[in-house]
Every structure is written in structure tokens, then in C-alpha cells.
Amino acid sequence: MDHPGNRARVVIYLIVLGLSGYAARTVSSQGVAVPQRRVRAQPKARIDRPLPKVNFEDVAARAGLKGFNTSGVEKEKNYILETTGSGVALIDYNNDGLPDVFFVNATTLEGFPAGKEPTNRLYRNNGDGSFTDVTASANLTRSGWGQGVCAGDYDNDGNTDLYVTYYGRNVLYRNTGRGVFEDVTQKAGLAQTSIRWGTGCSFVDYDRDGYVDLFVANYADFEIGKAPAKGSSDFCKWKNIPVMCGPRGLPAGTNLLYHNQGNGTFADASRKSGVASPTGHYAFTSLVLDYDNDGWPDIYVACDSTPNILYHNERNGTFADVGLLSGTAVNEDGQEQAGMGIAAADYDGDGYLDIVKTNFCDDTSTLYRNNRDGSFTDATYQARLGTNVQFLGWGTGFFDFDNDGWKDIFIVNGHVYPEVEGHGFDCSYKQPKLLYWNLRNGTFHDISGSAGPGIVERRNSRGAAVGDLDNDGSLEVVVNNMNDAPSVLKNSGERGNWIILQMLGRQSNRSGIGARVTLVAENRKQLDEVRSGGSYISQNDLRLHFGIGSGVSVERIEVAWPSGRKEAFLDLKANQVVVLEEGKGQGIARPAPSRKGGAGAGPAQSNYLQTLISR
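Under our numbering, think of the first position of the sequence shown as 235, with each following residue one higher.
Misleading hints may appear alongside valid ones.
Unchecked claim - Within a straight-line C-alpha distance of at most 25 Å, the following computed PhoX-like cross-link-like pairs (lysine-lysine) qualify:
| hint | residue 1 | residue 2 |
| --- | --- | --- |
| 1 | K464 | K309 |
| 2 | K309 | K350 |
| 3 | K300 | K287 |
| 4 | K309 | K421 |
| 5 | K460 | K309 |
| 6 | K300 | K818 |
| 7 | K471 | K460 |
| 8 | K800 | K759 |
None of these hints come from the bench; they were simulated from the model.
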């Protein structure tokens, strides 16, 4: 990791930070006067093919996904806790081959009558475009200040489990495989002795022993009874308007790492591993990726108003924060930002994972391009992603919406201050979403305005998760909107061929989390990894989706499993969902439904998967 280029880079950053007093008084929710990152000169779009025909519509109500999110009172946010919203997860909890939807919910400070409290929601995918609320029967009716969620099979029993973070006490839900979840927090050794503000989380097999461990980000040590009043200090004003206070002025939280003992319990390894060492960070979302291609999972954390953290896996049970050294702690101006959501993908096809991060308004999102030497370059403007500064970004993801084999970027937005309305600011409270089309040359093109009503509609969005809900090869985006009903964005536009891969670990963890997949089709390679967490405190479908354009087959799929095993799967037909089982060296395919819908696909997939995981 100690490359000469890295050392030069960190010296430059330290000089910049020194000149600014590391004040980096950036655009964030810190509530003080800040320099603004304005639109700069960017390359002209070089578009060598027709613009895609894309039409995202919100089909949530039609699908029966109507659960309302409660995060404080909508029009008055007196405390920062009321502004962060909640995440969403796509998990196949009943192993029928169709992603189900889990929404995290929060509450209000005023409280609710007994039995009327808002709760998290689990919706079962019926396979015909509709969903059924199974929250009560699944034993997931907990209420409280729910924040984030991540998924993984921590006990390797073939059933995907859930970890939900709270302002309060986090919960580990074990999936029993019978349609019911069991709160095993105490039994698993994860019970907290004090109140924490948990945000992002990720299951990650950091020591590659075949069991997923658990990383938990913590935002701030916050006590409502001791919180300063709106407008009471410089930290409680934004553009001279009194607003809720924070995060600056609040004690920062401490990140945690729990080691899976392999017997259903976890041990706190936070200090031993070095994860607890970086202090003073308001941590939001965690993302697991092997950024340096050394075969070991690293952890990147988006932090609000403070430098981001990049935990490099030292391969000996410990991590080192190389955020500043790698160039991912701050932007190219040496300024910390208000990091909210993060995603990773190889957007330029060079075989290394890059990172996109969402930030506050009066700022751009940040694209960190991997330099392939352990360092990153802020390529936001070079990639033409600096065109929008009026939005406050949250959930984000790389996804190939047109199946051309190149990862595009979506971002969901929404402000934290209701007070922005009526003052003539560029920032509004409810905001549209953003969709950037990958031009295949290292740059993107903003097509948000022509991407359909689901993109341009203004909502106050937070968590977002990507997955193919009906297995037709076209990805949907599920959004948890704050103080509102959710959105399910479905694209009815034109798209190419595709393949979806579900990883099934044997020596590795059963979820295949950390598996690194290289796909060869149409004379080029694509790269992705199975990961837990990401976006904004949310969970995408654990399956991997690849667009292959006009290709009718995949020549080769190479899998590097967390166990260290590497194997190839050859000559797979396009337009199907394939299970890749560790040690088999061949894909086990099942046909996908027609593009008109997924009705009737569920039972056969259910029998197949349940038989497979029980072996």
C-alpha cells in the first residue's frame, strides 16, 4: 500500500488541508458559512450512438407497496435525528427466486398510542408484479428510530438474515426458513449496553474463514435531552436561516466490527481490528469492496461533514485507515464533504472498482476513479458528473439500466431542511432523482429529464436498493421516501440482453458475499462483487446483474470465491438467472419469465432453491 504515488498524493492533500486549516468548511449540514463547489468546465459529451429510450415509472402503489415512512414530523425538523430517513433491503427471504422488499421505518418524538406505532415492513413478492405485506407473520413489527439495514446468511443455513440499525439498539434477525424471523441479538452476543446511533452496516468475511462478520457504522453520540435548540448557534443555521443543529457540535460515534465465531455468536473485534481507531467521523453508509485487487475485502465509509474512511484489510485481522493516503477521504480541493450514500463498480472497464459518493446540495456527487496503484483520483468533472449542485443526494448505485454492458449511475435526492422552501434558494425540499448514462469512454451524460415520470417526480428520498423484482432482466429501483409512501421505479424502455448470477458458497459463506465475478461476453470483460450494505444505509439484491447488449451468450464467467477457490463457468445462454455453486465449476440455470411479467415463475424456483440450499 505504501506506493511512492500515494506518498506524494498525501503530501499534496496535507498541504491543501493545512492552507485551509483543515477547515474544509464545506457544503454540509454543519450549519456554517461554507465555500460552494460550483459547476466547472467539463468535457463535451461524445455520444456515438442514439440516446437510450428509457421510461421509469413509479409502480409502487400498483404493486401494493404502500407502507408509509415516518421520520419525525414532515414539515418541522427540530432535531437532526428526524432528517436522516431510513434504508430499504431487497432479499429473497423465502428462497423462491424472487426478491422481496423490506423497508426500515422510524417514528416521531411525540410518540404514538399503543398499537399504532409505525413499524418496519416486509413485503413478499407474489411473482405477478404484486406484493403482500407479511410483516406481522414474519415477526418484524418492531418500532423505533430505524435507520439502516444489511443482509447476509450469518449462520450458513441457506436463509438470508437481516441486521437493522437504530438510534437506540440494533437488532439481528435470524431467518428461520419458515417465513419467520427471530430476534437473536442477545443470543448472538450483539446486545448493546447503551444507546447508539447506528446507521450503515455490512456483513463481510474480513478474515475469509467462511463466516460473514459484521461491520456497523455509528453516526453521533446524540442525546435529545441535551441537544441544542434550533438556531441557537452557528452550527444551527444554514445560509443564516435557523435550522436543526448538527452534526457539527455533536460528539461523533465509533464504528464497530464483530467477528463471527462460527457458532451463531459474534465477538467484538472493534479495537483489536483497528476499526474503532479512526475517531471524530460522522459515519453514514458502509461499503465493502476489494479496491486493490489483493483478494481481501476492504471497507469504505461515507462520512458527513468529516473525512471519509477507507479501511484497508491488512490480511491479519486488522484494518488501517488509508482514506487520506488513497485520495478518498476528501475531494480534489482537499475539502471534506457531507458523504451520504456510496456505490462501487468498474465503470470504465479497467478491472478495478471505482467509487461514487453522494453529498449535500451546493456540492457535486464525487466520483473516485481507481488508479490501480492503491490510490484514487477525484474524476467528478472529467467524467461529467459535476453538472448538478442543487441536489442533496442520498441513495445511489451503479446499475446497467439499458443492458449495454456498461454501468450507469442513479441518485435519489431530498433536502434535510423544510425551511429551504420560500427563500429563493436553488435547493428545494423535495427533489427529483438523477440518472447518468455511461458513454463508454470514461464519461457520463445526464438523461434525467427524459428518463420518465418516476425520475422527474419530486420526493424526499433516502434509502434506495436495486434489483430485478420480476426476473425479466430489467432492473428496478426501490426507494424509501421520508415521510411518504415508497417508490418502485420500473423501466419500460428498450434494453439489451442480460444474465443474473446468484452465488452459492460452500467452503465460502453461503451468501457468496465477497465473491468477485469477471464476465466475458461481446469481446470485453465486466467485473463486480457480491456485497452487503451500500447505497444509503440499504441493501441491494445480493444477485449480480450483467447487461450484455446484443450478445446471445456469455463466453466465460470467472469467480474468485472468498475461500480462495477460483473457477470458471463456460458458455451460458443469455436472458436467464443462473446459480453458480462453489466447487461445481458449472452453472445451474433456470429460465426467466417473458418480458411481459414474472407470473408463474415463483413455485418452480422455490422448489429448486430450497432443494439446493438443503444439500
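Do the hints match the structure? See the list:
{"no.": "1", "hint": "K464 x K309", "in the structure": "holds, 14 Å"}
{"no.": "2", "hint": "K309 x K350", "in the structure": "holds, 21 Å"}
{"no.": "3", "hint": "K300 x K287", "in the structure": "violated, 28 Å"}
{"no.": "4", "hint": "K309 x K421", "in the structure": "violated, 40 Å"}
{"no.": "5", "hint": "K460 x K309", "in the structure": "holds, 23 Å"}
{"no.": "6", "hint": "K300 x K818", "in the structure": "violated, 42 Å"}
{"no.": "7", "hint": "K471 x K460", "in the structure": "holds, 18 Å"}
{"no.": "8", "hint": "K800 x K759", "in the structure": "holds, 17 Å"}
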